[in-house]
Structures are given as structure tokens and as C-alpha cells.
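K.L.:
Chains as they are written, first to last, in my numbering: chain S, 1 to 334; chain W, 1001 to 1334.
These are calculated hints, taken from the structure and not from any lab test. There could be a bad hint or two in this list.
With the Cβ distance kept under 8 Å, some of the chain W side facing chain S (calculated, not the full set) [stated by the list, open to error]:
id, residue
1, Ala1005
2, Thr1007
3, Ala1008
4, Ser1057
5, Ile1121
6, Gln1157
7, Phe1227
Note that beta-carbon positions come from the ideal geometry of N, C-alpha and C, so glycine has one too.
Protein chains: 2
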Amino acid sequence: MPLEALTADLTPAGLHYLLIHYDVPFPDHASWAITFDGFERPLRLTLGDLRARPRTSQPVTLECAGNGRALFESRPLSQPWLLEAVGTAEWSGTPLAPLLRDAGVPAATVDIAFAGLDRGIEGGEEAGYERGLPLAEAMREDVMIAFEMNGQPLLPQHGAPARLIVPGWYGMAHVKWLDRITALAEPFEGYQNTVSYRLREQQEEPGEALTRMRVRSLMAPPGLPTFPERDRMLAPGPTTLQGRAWSGSAPIERVEVSLDGAATWSDAELQPAPAAHAWQRWTFDWTATPGMHDLACRATDATGATQPMAADPNLGGYANNAVHRVRVTVTAGS
Amino acid sequence: MPLEALTADLTPAGLHYLLIHYDVPFPDHASWAITFDGFERPLRLTLGDLRARPRTSQPVTLECAGNGRALFESRPLSQPWLLEAVGTAEWSGTPLAPLLRDAGVPAATVDIAFAGLDRGIEGGEEAGYERGLPLAEAMREDVMIAFEMNGQPLLPQHGAPARLIVPGWYGMAHVKWLDRITALAEPFEGYQNTVSYRLREQQEEPGEALTRMRVRSLMAPPGLPTFPERDRMLAPGPTTLQGRAWSGSAPIERVEVSLDGAATWSDAELQPAPAAHAWQRWTFDWTATPGMHDLACRATDATGATQPMAADPNLGGYANNAVHRVRVTVTAGS
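Just chain S, with the same shape it has in the complex (with noise of 0.2 Å):
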């Protein structure tokens, strides 16, 4: 997602970021169904039944867990993100818990499986994406099996025709193209969640797995940008920085914006959230003087929780919620 679009409350499809492990599948919709496995009914649901069951309607913001992972000094192999992958949309489809109740969880159930249908070869294996939740996590009542992102049937790239939503949680929960969904009494050991996907500096290590997004404030760049250095250069005088702030945890409490790289900081107005999970939208009034300027925000969540100047290096490049930084050019004027 180009950062301009921080200005808009729901992203537009085609700059609401993608992360895509393997090839694009292009399922026939008509055929398409999720499979219920280890439940204690069967149950198997096509799009037209997926589309017969109550309605609900969220806007959600979505981020890649490998976010800023190209900020790193010691950048690891991966998608070298540096801050677009991320978005918000407002997603609709149908509340997974009653289904989820219909096919009848067993008792021992600890974890719920989600395959998609893409598949690759990850780690000299072939297999399809897949990722486990706790069973906790997906009886919550805002957890959806959506079908449309902004009042249109999902495009091929976001998961058509159906993916999950977990709202709060990093991107890689959040399964597209929906194949089966999976009831297991032992928690689950995919790829996916026991060796990508988790917080560690060696590879020997268990590691922690990768759940909610940090707290995070982005500021839209101000001015406009070179060609292609992409540089900002922005006229003198008043004008209103603006940008979005989110965690997974709880709501934003806090957004600071500093004018001199990170010395000094001032709160900005902080609009309240329109959803659960879906972004604020924050502004910062300044009156801009001739030369360069090292701008930064960072945000506070509802648990005391902080943006850090640096965040800890780790193998896989995850969770990099370090203070937003944007250095910009005030022109002399005209």
C-alpha cells in the first residue's frame, strides 16, 4: 500500500497490501466448497451456502508480521518489506463461531486448522498454506469467513471466493482461498506456525509464534515525491500531518509526532476508532520552515504499550514496529 493511502479510512483494493506464499490459485467458483474435518457432524459449504447464512460487516486492518522487516539492519531473507504491507478494508461474510457449532466442535478440541487452497514447496516440501488458532481464538464472535472486501465479491489475489478473518491478528492468521477447516484435539504443527512465523534469533530455538499486531502509527508523507528517489520536498507554511495508528491488543490511547528526529515529542489529535480493529486516524498541525526535517510518530495502546525507537532484531524479520521516521525537504518558497 503506497503510504498516501493512509489519507483514506478503508483501502482501495489494488493498494491494500498482499503477501502471496505461492502462486494465485483461480478456483471455479461454482464447484468451490470448505470441507469440515474432525468435527462432529459433516459439513461441507459451498459460496451460495456461505451466502444464505447471517450477514456481518467490519472494517479491519490487516498487516504483514514481516512488516519494516527491510529497516532491519541485518536484513533477513524474505519479502523485503519496508512500511506498505498493510490496509484496511471492510470485509463481509459470515461469523465463523456458528458454524463452527453446527458441525459440532469435539470436546477435546484444542486447535482449528485453516488449508488454503495455494500450494508450494516450503522448506524442500510440498504443501498447501496452512495455519492453526486456537480454538479460543476462533469461537470469538468478530472471527468471519468473509466473502466480500469493500461491498465487492473478493478479487482472485485477497482469497476468492472465500478467506478467514481474525481480527487483531498479523496477516499470516488470516488464510485465503479457503479449502478446509480442520478440528484437532492435539495443537496444530504445520509449517506455519511451528517453524515460520515465530519470534527467535536462531533457528534452534522454539521461538514464540506470531499472534497480534504491535502497536504501530504511520504518517502519510507530506509534500510531494521525487522521481525515483522518491524524496519528499514540501512548500513552507501551515499544513496538517496525518497518518493512522493500530494495535491488535487494545485501542490507541496515545500518538506523538516529533519534529527533530525523535528528541522531543508532542501529542497529535487522535480521532477514536470506527471499528474494534480497524486503524485511527491521527493529525498533527505544523508550520513548516525552510530545510530538511527529521519527522517521527509513534503511538500508545490501551495497555501501556509503545512504539521503540528500534525494535529487537530478530531470524525472521517479524514484528518491526519501530518509530515511524520521514525526513523531509522544506523548500525556500516562492
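Got chain S; can you put chain W on it based on the hints?
P.N.:
Relative to chain S, chain W alone:
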């Protein structure tokens, strides 16, 4: 556009390539209008005015002039495209020529200039994106002002509310976020025609302006990708290779496939063009045997132009239509 989308006749929004010089503008559609300058009669057209005029639709293949840039050995400093900067969409709008006639084209006109709302700093100067087109090209029957893509209103990043479509030309001609159309009695001398988008080996040479897309074919990568290397792994046995071919100058007459590193070639099956400037599908049946294979494809158009093994290097890294080579490892089977 991820190359697996070569399997689709029309590229879904969000998979179609984008080359955006500056920030994406988000104009207010209610107050937006195109202004005609330098014509015999003043004309200002709102989106409602455009929609009230005769409507036309056509599938058109768009390719960035820089597609393939990153495959030149000496890589120029600009957008490092591999081969994904292409897409084919159904564009709907109103033909341009009747609009120009309504405005009254002065007899001395040689070029029509098209200015977008996107602004940035290029070559040290603040400027909006602007391109000139020779009058004869602007008056072609199939040149249009498009306000829909694949049956939906244009998305912001595709030039909403309306953009130019010049079938057959590289992407730089299809000006997005149209703001102003100007009749010029002298050749257009703006940056995007006279400095950028020229074929030349040295900055001092005037070089030649880029116009129509060179003949090219691409292959959808067979088999499954590895993550994150994106090597291709294929099961042994019969398989159908497939892809698309296009040229801005003439229909494609022939597509050939090589299974041995471009040493020998065989004809592929070629489908007719669905429209004058939309890509053509090709297929090639192959029985894959275990081992590593260097596949390739090349197209020839009705002017006799064919893809070279290596394109001539040039300062901007443009128009690299070299033969597409795809390495695939066929596994031993199971």
C-alpha cells in the same frame, strides 16, 4: 502482475501492473472535470458528461516500456521490473476523436497533450505528469477516455475517475487522472516525451521516443513455486505449457517454444486475438521428464518482427523484449 495470471484472458484489478510516478491522487469525483485548452471552442467535461456520451468497450493489453529492465546486464536506476509489468483489461469509456472534433481542432495542431493530476519532482523541477501524442494517433477511432475497468468504475490507482487508453502503445501514453487536454501547434516538449521514455545509449543523444509495444511472449510458470526463492518444481508426465503474446504493431503470427535452452524451437498452438490490441493465448503440449529444463518462448508478429535472444541495452532500460526463459525442475515423481 504475477505471471500465473497469464492463464486469465482478463487481468483482475489488483493483479494488473501499475507504474505510478508520484503519489496516487484521490480527486473528488463530483467536482472533477477535464478542461480542453487551445481548441476552437471551450470545453469542460465532468464525469457525468463523459458517461452521457457514446460508450465503447475493448480489451487492451498494457505493458510498461520498462518491463524487463532488471534483466539487462547493466541495470539502469529506475523501477526494477522483471517481467510482470503487463496486464490486459476490458476498458470502457467514450471515444476521444469525437470529443476533439466537438472542441474543434485548430488547423495548425500537430500534437495533443494530456496532463494528469499526479504531481512530483522530476529532473529537479515540480511538474505534473504530462504526455504528448501526435494528432493522427489521438484521432484514431480506438483511442478512448476510459472510466471503467473490467466492468467497474476505475480504481484510484488506475486513474480514477478517467484516463486515456491508446491501444498498442506502451503504458506511458495512457495518461491517468486526466485533468487537461491541450491542442498544440508545435511538437510537445514536456519531460516525459523529451527526457524520459526515449531509446538512447547516452544522455547527450536525442534518441527515439518510445511508442508501440514491441513483439513479446511470456509463459505462465509451470508447476509449483518454492518459497521464498520462487524456483519452479513440476511433476513428470504430460503437461500443457501456456502463455500470452502481443505486439503493438500487428497481430501475432507465430509463437515458438524451446525445451532445450533456446537451441531448437517448435511451433506452439496460437489462438486468434480477441480484439485488435489484446494479447493472444498460446499452448504447447509437453511430456515432462525428470531433470532440470530450460524452457523458452518467442513470438513473431505480422510485420515479421520477432523477439531477440537479447535486446539492445539502452540508458533507460526500455523495451527489453528478449525471449522469455523459464527454468523448471521436473521431480523424480512419486
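K.L.:
Holds or violated: the hint that alanine 1005 of chain W contacts chain S, with Cβ atoms closer than 8 Å.
P.N.:
Holds. Min distance 7 Å.
K.L.:
Given a cut of 8 Å on the nearest C-beta pair, is the interface hint for glutamine 1157 of chain W held or broken against chain S?
P.N.:
Since chain S brings a Cβ to about 5 Å from glutamine 1157 of chain W, closer than 8 Å, the hint holds.
K.L.:
Taking the least C-beta to C-beta distance, is threonine 1007 of chain W closer than 8 Å to chain S?
P.N.:
holds, 7 Å
K.L.:
Under 8 Å is the threshold here; is the Cβ of phenylalanine 1227 of chain W close enough to any Cβ of chain S for the hint to stand?
P.N.:
With Cβ-Cβ at 5 Å, under 8 Å, it holds.
K.L.:
Should the hint that isoleucine 1121 of chain W touches chain S count as held when the rule is a Cβ pair under 8 Å?
P.N.:
holds, 4 Å
K.L.:
Regarding the hint that serine 1057 of chain W lies at the interface with chain S, is the smallest CB-CB distance below 8 Å?
P.N.:
violated, 19 Å
K.L.:
How about alanine 1008 of chain W: closest beta carbon in chain S under 8 Å, or not?
P.N.:
holds, 7 Å
Consistency with the previously given hints fails for number 4 only.
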